[in-house]
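Colleague: Each chain is listed here by its residues.
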Amino acid sequence: MVADLRHDDFLQAEPAGPLESSQNQPSAVLTVEKLALSLAGKEILQQVDFSLSAIGVTSVIGPSGAGKSSLLRCLNGLESGWTGGVKIDGNDIRQWPGGWDQLRRHVGLIAQKPLVFNTSIRANVCFGLHGWRQRRRADGLVKASLQQAALWDEVADRLDAAATTLSVGQQQRLCIARAIAIKPKILLLDEPTASLDPLSKQLIEQSMLQLAQQIPLICVTHDLEQAQRLKGQVIFMCDGRVIEQAASDQFFRQPQQIETREFLRWSVCDCD
Amino acid sequence: MSVLQQQYRNMLNRYTHGKALVLLLALPALLIPTMVLCYIFWQAAPVLDWNFLFGTADGIGFGVTEGIFSQLVGSLLLATMACLIATPFALGTALYYRTFATPWQQQLLSALFNMLQGIPPIVFGLCGLVVLVNLFSWGVSLLSGAVVLAVVVLPLLALNTLATLERIPNEYSEAGSALGLTKGAIILRLWLPRSWRQLLTGLLLAMARALSETAPIMFTATVFSGVVWPDSIFSPVTTLQTHIFYLAQEGNDPLLISIAWGSAAVLVLLVAFFALLARLLPKSGGN
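For the protein sequence lines, the chains are A and B, in the order given. Heads up, the first sequence stops at 330 in my numbering, and the numbers go up one at a time, no gaps. Heads up, the second sequence stops at 743 in my numbering, and the numbers go up one at a time, no gaps.
Bear in mind the hints are in silico, worked out from the structure with no lab data behind them. The beta carbon of each residue, even a glycine, is placed where N, CA and C say it ideally should be. Heads up, some of the hints might be wrong.
As the list claims (entries may be wrong) - Sample of chain A residues at the chain B side, in silico, Cβ under 10 angstroms: (1) 135; (2) 158; (3) 173; (4) 188; (5) 191; (6) 192; (7) 246; (8) 287.
Unchecked claim - Simulated restraints, written as ranges between beta carbons of each label pair: (9) B:557 with A:218: 47 to 57 angstroms; (10) A:99 with B:491: 55 to 65 angstroms; (11) A:201 with B:729: 47 to 57 angstroms; (12) A:97 with B:567: 19 to 29 angstroms; (13) A:99 with B:557: 20 to 30 angstroms; (14) A:216 with B:733: 29 to 39 angstroms; (15) A:215 with B:471: 55 to 65 angstroms; (16) B:545 with A:97: 33 to 43 angstroms; (17) B:559 with A:142: 48 to 58 angstroms.
Based on the sequences and whatever the hints tell you, model everything.
Modeller: Pasting the structure below:
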């Protein structure tokens, strides 16, 4: 399917105005304005602007070094040296009640490399919960989180087994369950299916689509087919800037910017 | 013989000579300590029995009675107290280094502890004598000795704790941060459960180091005789290290020298026990 979409049509399509779709989202839950980040003297993000609606998946694509992962780290507060504005439901995340730790409970982040803690599957799911009493009485939450992460059927009979005994794909789904368990309002996923087997990839995508019906998801991916399958919005980033944001169908069928068309055709971006 | 065969033989000869040279250099490093150990145990063998290990001097023996139990307990008490005193500070320093210190503070701390490790322990003993024994009026006591020994083992413990915490990957901590865990929760629920074995290993090595130190406790904690068991932390103690030191000065009395050899063997075994335990511990279960 992607082969069809990577047709010369991309290069021939008429631009219809930049970031058109983002302008049609009055009920944005996340607004990013002029976000800029420099690390070790290098500009990682430059004047990043976009907004997200209340639910659905937003795929962030772009070449390596475009600043996609750094964007997620800024939104989750793992990077704090940025400038500009990031608002969630109209609240500036720099002024978040309870500070960065509370913000991170609100904005979950799942890394590319699945990293389970050296404890049981059950304890991993409950790891983000406050208080040992809450963690001990979380059977219902454990089940619901694992079900949402499409892992329950595989681990229901061995919740007390070490999480490290799971396969890599299962560990990544466990990381998703762990992030879901703290009930984030936004979930960020940094290449969650990179280097996973097709079945795990499919299960994680199913889980993401299910979650996206309840909360907004931002998923960084290098897999253009995956960005299409996840539908929703697509943000194309290159050289630390957002080049284009559009609905998935429109993005892949009628990319507006020349850089986007070049990237979709050759998977390279020359926007310096 | 073909040219190739000749070249092969030459190469083999060079290799054999190289191997011989390396062996020649390596063997003394293995043989000498082994011979010393064998000699210690050979000399100690005649006195090593239950009475020697578990007998006490009854406060009057001045070393001539054969039991070393009070010295053994004194050494263990001092080393344990020193490690207990040093551990929280070592852990605190390492946590500060890992969580709050700026890069130049990290360099400063690292350099400071490496330098402290190089200071001769007798210097700490002298400081302990002036400050703890005299100025604080703690006297020659278990507490004075333990504090001085704690200062001696602190760099070792801090550097080990620091290295242990540095081995925890950033991704691991970030996975905790991403769940909204506070710094305290990350330390208590992620770092310490992951690295407690390595921390315990450092503690055991520090015990071994504390047991092998003599100079810092000579002025601050120990007496040769007159004390069997310390009444309180302000009482002096007798230790194996100083016991050997004093007995060795009585070179003309074969009985005392044989007791010194016996004490040395027990001390070596004690240090080896902690050092071996420290090596075995990480293998008993990994992360």
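Colleague: Which of the listed hints are broken here?
Modeller: 5, 6, 8, 9, 17
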